[in-house]
Amino acid sequence: MRVIAGSAGGVRLTVPKRGVRPTMDRVKAAIFSSLGETVIGARVLDLFAGSGALGIEALSRGAASAMFVKVSANRQKQSRKISPRRI
Numbered sequence: 002m003r004v005i006a007g008s009a010g011g012v013r014l015t016v017p018k019r020g021v022r023p024t025m026d027r028v029k030a031a032i033f034s035s036l037g038e039t040v041i042g043a044r045v046l047d048l049f050a051g052s053g054a055l056g057i058e059a060l061s062r063g064a065a066s067a068m069f070v071k072v073s074a075n076r077q078k079q080s081r082k083i084s085p086r087r088i
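Add 1 to a position in the sequence shown, counting from 1, and you land on the number used in this note's numbering.
The hints are simulated quantities; they were obtained by calculation from the structure and are not laboratory data.
Yeah, the Cβ is synthetic: ideal placement off N, Cα and C, and Gly gets one too.
Check before you lean on any hint, since a few could be wrong.
Claimed, not checked - What follows is a list of derived Cβ distance ranges for each label pair: (1) Glu38 to Lys18: 31 to 39 Å; (2) Leu46 to Ala6: 18 to 26 Å; (3) Arg19 to Gly42: 33 to 41 Å.
Generate coordinates for the entire structure from the input sequences, incorporating the hints supplied.
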């Protein structure tokens, strides 16, 4: 899994082999293609953010901020380990 475009385009994100089902790159591409430039400066809410890939992608594409909401504390710990500190 990787960040598709923006300031962190091409950066690989590692995710645990179990317990997380990351959004496929082509699905992320379709979502952000539809959103276009509305992402720039937006505040993004990544619900059920397992890997955090959607929120990280939004930040890379110019979102002002992203809030990641987790279902379980265990997954939250996993996501902290895989999220880049700086996009």
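Any of the earlier hints contradicted here, and which numbers?
As far as the earlier hints go, not one is violated by this structure.
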